[in-house]
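Peer 1: Listed below are the residues making up each chain.
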Amino acid sequence: MVHGEVWTAKELFVYPNEYIYWTIQIVMYPFMTGLVAGAFVLSSLYHVFGVKQLKEIARFSLVFSFALLPVAMMPLLLHLQFPFRGIEVMMTPHFTSAIAAFGIVFTTYGMIVAAELWFVYRKYFVETALELRQLTGRSVTQQFRYVLYSVLTLGAWDISEQALEKDERAVKLLAGTGIPVACFLHGYAGFIFGSVKANALWMTPLMPVIFICSAVVSGIALCIVTYIATMEIRKALHAWKQKSSPALPLLDEMKSAELQVVTMTARYLVMFLILAITLELLDLIFRGYTAVKSWDILRSVIYGKDFVNIFVIQYGMGNLIPFFLLLLPRLTIRRAVAGTLLVLLGVFMMRWNVVIGGQAFSSSFSGFMHYHLPIWPDNLETFKEGLFGALLVAITPFVLFWGLNKVIPVFPVKDTH
Amino acid sequence: MISRRNFCKKAMLFIGGVAVPVAGLEIFNPQRLLAEKQDPAKVRWVFLVDTRKCVGCGFCVRACKLENEIPYDANVSRTWVERYVVTRDGKVHTDSPKAARDGFTTKAIDQAGKGMLEIRDEDITKAFFVPKLCNQCENPPCVQVCPVGATYQTPDGVVLVDRTWCIGCGYCVMGCPYGVRFFHPVYKAAEKCNFCYHRISKGMKSACVEACPFGARTIGNIKDPEDPVTRIIMTERVAVLKEEYGTKPQVFYLGMSKEVK
Ligand code: SF4
Ligand code: SF4
Numbered sequence: 001m002v003h004g005e006v007w008t009a010k011e012l013f014v015y016p017n018e019y020i021y022w023t024i025q026i027v028m029y030p031f032m033t034g035l036v037a038g039a040f041v042l043s044s045l046y047h048v049f050g051v052k053q054l055k056e057i058a059r060f061s062l063v064f065s066f067a068l069l070p071v072a073m074m075p076l077l078l079h080l081q082f083p084f085r086g087i088e089v090m091m092t093p094h095f096t097s098a099i100a101a102f103g104i105v106f107t108t109y110g111m112i113v114a115a116e117l118w119f120v121y122r123k124y125f126v127e128t129a130l131e132l133r134q135l136t137g138r139s140v141t142q143q144f145r146y147v148l149y150s151v152l153t154l155g156a157w158d159i160s161e162q163a164l165e166k167d168e169r170a171v172k173l174l175a176g177t178g179i180p181v182a183c184f185l186h187g188y189a190g191f192i193f194g195s196v197k198a199n200a201l202w203m204t205p206l207m208p209v210i211f212i213c214s215a216v217v218s219g220i221a222l223c224i225v226t227y228i229a230t231m232e233i234r235k236a237l238h239a240w241k242q243k244s245s246p247a248l249p250l251l252d253e254m255k256s257a258e259l260q261v262v263t264m265t266a267r268y269l270v271m272f273l274i275l276a277i278t279l280e281l282l283d284l285i286f287r288g289y290t291a292v293k294s295w296d297i298l299r300s301v302i303y304g305k306d307f308v309n310i311f312v313i314q315y316g317m318g319n320l321i322p323f324f325l326l327l328l329p330r331l332t333i334r335r336a337v338a339g340t341l342l343v344l345l346g347v348f349m350m351r352w353n354v355v356i357g358g359q360a361f362s363s364s365f366s367g368f369m370h371y372h373l374p375i376w377p378d379n380l381e382t383f384k385e386g387l388f389g390a391l392l393v394a395i396t397p398f399v400l401f402w403g404l405n406k407v408i409p410v411f412p413v414k415d416t417h
Numbered sequence: 001m002i003s004r005r006n007f008c009k010k011a012m013l014f015i016g017g018v019a020v021p022v023a024g025l026e027i028f029n030p031q032r033l034l035a036e037k038q039d040p041a042k043v044r045w046v047f048l049v050d051t052r053k054c055v056g057c058g059f060c061v062r063a064c065k066l067e068n069e070i071p072y073d074a075n076v077s078r079t080w081v082e083r084y085v086v087t088r089d090g091k092v093h094t095d096s097p098k099a100a101r102d103g104f105t106t107k108a109i110d111q112a113g114k115g116m117l118e119i120r121d122e123d124i125t126k127a128f129f130v131p132k133l134c135n136q137c138e139n140p141p142c143v144q145v146c147p148v149g150a151t152y153q154t155p156d157g158v159v160l161v162d163r164t165w166c167i168g169c170g171y172c173v174m175g176c177p178y179g180v181r182f183f184h185p186v187y188k189a190a191e192k193c194n195f196c197y198h199r200i201s202k203g204m205k206s207a208c209v210e211a212c213p214f215g216a217r218t219i220g221n222i223k224d225p226e227d228p229v230t231r232i233i234m235t236e237r238v239a240v241l242k243e244e245y246g247t248k249p250q251v252f253y254l255g256m257s258k259e260v261k
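Chains A and B, in that order, are what the protein sequence lines are. Under full-length UniProt numbering, the residues of the first sequence are numbered 1 to 417, in order. Under full-length UniProt numbering, the residues of the second sequence are numbered 1 to 261, in order.
Note that these hints are calculated values from the structure, not bench results. The structure displayed is predicted, hence computed values, not measured ones. Positions of the beta carbon are idealized from the N, C-alpha and C atoms, including for glycine. Be careful, since some hints might not be right.
Unchecked claim - Taking CB as the label site, the calculated pair distances span:
#, chain 1, residue 1, chain 2, residue 2, range
1, B, E138, A, I285, 29 to 39 Å
2, A, P377, B, Y187, 15 to 25 Å
3, B, K126, A, R299, 24 to 34 Å
4, A, A291, B, I232, 33 to 43 Å
5, B, R52, A, G316, 17 to 27 Å
6, B, E138, A, R299, 30 to 40 Å
Taking the hints into account, I'd like the entire structure generated from these sequences.
Peer 2: Below, the structure is given as structure tokens:
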């Protein structure tokens, strides 16, 4: 079988070599990259613009954005026919290609996030290492942690007032430079599609901007859900521990902080959501109004074949419903969860409709192609480009986040001691 | 104090000293040397398809598959032939079953998932065949988008793929407006027609040109005014496919019809 033949169904006249070549992994790719960029923008709102209410979620989203980083590359690697040659994009970049430029922007961005994280946590590294140094007769784990944290300090042991102040200034600077780079990063992901002139659906200069807006939306949404989820889990764990040792303090302040943070963040989410929808609708209206040659086939895809995906799931369930859920007064945690999950669904469907929808019609303009997502993998290819490959990509950041949280605690640890 | 005479002497020496290596840069410009040695602009391969002569036998498709080792039964092909049937109601029906490897064996139109469509002879107003292949564009988007430079253009205008360098991202497949690219079922790398570069660079004709019994396909050098292909392109009314994309295709068609997409 030829690559793509397993999951492509053709209808009417399609060129013999045309198949759905960009599958779910290429849907996951801008989706995950968007989450990275969005989470970072959220954290910068606090560090750069000093939105005080976001302090707690800012730290959280910074770590989360770091955990998401490696995952932005994963779908691309899973998609490549020669994953081991993937590094060649960095070694022999071909600068007229948007994908090659993406690699460079991505690395720059990764270094910025890593540096910012280091400055934020340097005090913690030093304190922990000093604490461990004082212990006599360290166990193996303690010795390991001691070495780890000593290395993480990178030899900068100074935690005097002035030094910490300098750290803070560095964080601010990095967060500031990080915002344009994050936007650029995702603008580039949009550019990868927007610059493909052979594809009538993708070919629009609005593509990068639309991608940036929905990226911020999805990143904020994911941070809210994960934030709520981790808080709930921590509360449950705490209550469970309390049962065995009633001496532990209650967790009242934890609960009240949560809703306030969520409400505040949700407001930013809605703001970016409005921007994203406006741009998408503008694009749609513009295409219909100018109705160039490709509009005939685009219309049949947008209003016919993909109607449910675009208007019911993406705009209806993914944009309209959460819009009300999040904006109606007296937001509750439960409603926030429902709203943000729907927002995530909406952004995912937007990526899906762009990537898969863009390949739904043939370049011959007289035939259609459908993508049947491989569910049960029966070989490596159907695994990589099917449901399980996508799930693998979706789960990884949470595993990484959990691991990172072991080294750099995202939440204040006082009460768990 | 430095005397005027001394200053002049030293200044001349300095300028002379600088001028020698600068002149060296000029003299040893390797690109110019190469350009003078073998003028890359002497050859530009072009293709001419006479759609009035094509009968849809598919000999070219078969020859290409065998010559270029594209698995015979795989549903991809470097070149293919399309059949157009225009009916009285103005509808255009197109197909290319198995890339027309075996020619067109039935009158019914293959509509893929929608099944076969029978058209009565008296409803047909016109019908014809159009061979397709890579256009070896002058401004190839496939070369532009390849992130590692595995797709590149030779000085004589043919676009090639380096199988050992391609990472298999599929960006070039997406970038080509003509849908000629695919992944090789065995080598897994991006694949497409290359005008049989291994043959034409040795002075032979490409496999499909050789195989066409009706002379519908010809290949030539547009830089050579004596070339019969060049003469036709220069003097007759030829057309190219999808000109609006600005790719400047170098496959020219004689007797093109507006239905061709
Ligand atoms: S026809 Fe397609 S594959 Fe051939 S050179 Fe042009 S863009 Fe590239
Ligand atoms: S599939 Fe290969 S030739 Fe095509 S763009 Fe990707 S790396 Fe380049």
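Peer 1: All the hints need checking, so say for each whether the structure fits it.
Peer 2: Structure-based check of all given hints:
1. B:E138 to A:I285: 29 to 39 Å: 35 Å Cβ-Cβ, so the 29 to 39 Å window holds.
2. A:P377 to B:Y187: 15 to 25 Å: holds (23 Å)
3. B:K126 to A:R299: 24 to 34 Å: holds (28 Å)
4. A:A291 to B:I232: 33 to 43 Å: holds (37 Å)
5. B:R52 to A:G316: 17 to 27 Å: violated (53 Å)
6. B:E138 to A:R299: 30 to 40 Å: holds (32 Å)
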